[in-house]
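**Student:** Sequence:
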Amino acid sequence: VQLQASGGGLVQAGGSLRLSCAASGSIFNIAIMGWYRQAPGKQREVVASISTSRTPIYADSVKGRFTISRDYTKNTVYLQMNSLKPEDTAVYFCNAKKTAINYWGQGTQVTVSS
Numbered sequence: 086v087q088l089q090a091s092g093g094g095l096v097q098a099g100g101s102l103r104l105s106c107a108a109s110g111s112i113f114n115i116a117i118m119g120w121y122r123q124a125p126g127k128q129r130e131v132v133a134s135i136s137t138s139r140t141p142i143y144a145d146s147v148k149g150r151f152t153i154s155r156d157y158t159k160n161t162v163y164l165q166m167n168s169l170k171p172e173d174t175a176v177y178f179c180n181a182k183k184t185a186i187n188y189w190g191q192g193t194q195v196t197v198s199s
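Okay, so the sequence shown: first residue is 86 according to the numbering used here, each after it adds one.
It should be emphasised that the hints constitute simulated quantities derived from the structure, not laboratory data.
Computed from a predicted structure; not experimentally measured.
There may be inaccurate statements among the hints.
Listed next, the in silico BS3-like pairs over lysine-lysine satisfying Cα-Cα at most 30 Å (straight line) [as the list claims (entries may be wrong)]: (1) K182 with K170; (2) K183 with K148; (3) K159 with K182; (4) K148 with K182.
Given these sequences and hints, build the entire structure.
**Tutor:** If you want it as structure tokens, here you go:
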């Protein structure tokens, strides 16, 4: 499974960004896709994930502001980020879970200025 992420950038606080992650390769039976982030000096943390049941799960810090969605026709997962805060600044990584194996995309930088 290969994951190609895009959509990061620099935005002012209160602004919005949408991240995209396209999966390719052996994409059958990918159970869960999601987004993680890692800020400087901090551990990587889960931001949001969505399973084949289409039930999304969010970190408390982003609930009500971020929305994850998955387009099965395009093999793509999206993360719509609204009301961004400086503390959302991090490198965001796309993740796919398939048969207990984690696959990672390259990170995309999100920087929120105050």
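**Student:** Are the Cα atoms of K183 and K148 separated by 30 Å or less?
**Tutor:** Given that 30 Å is the threshold and the Cα spacing comes to 25 Å, the pair holds.
**Student:** K182 and K170: Cα distance at most 30 Å?
**Tutor:** 28 Å, holds
**Student:** Taking only the CA atoms, is the gap from K148 to K182 under or equal to 30 Å?
**Tutor:** The hint holds at about 22 Å.
**Student:** Assess, step by step, whether the Cα of K159 is no farther than 30 Å from the Cα of K182, and give holds or violated.
**Tutor:** Judged against 30 Å, a Cα distance of about 17 Å means the pair holds.
Hint violations for this structure: none, all hints satisfied.
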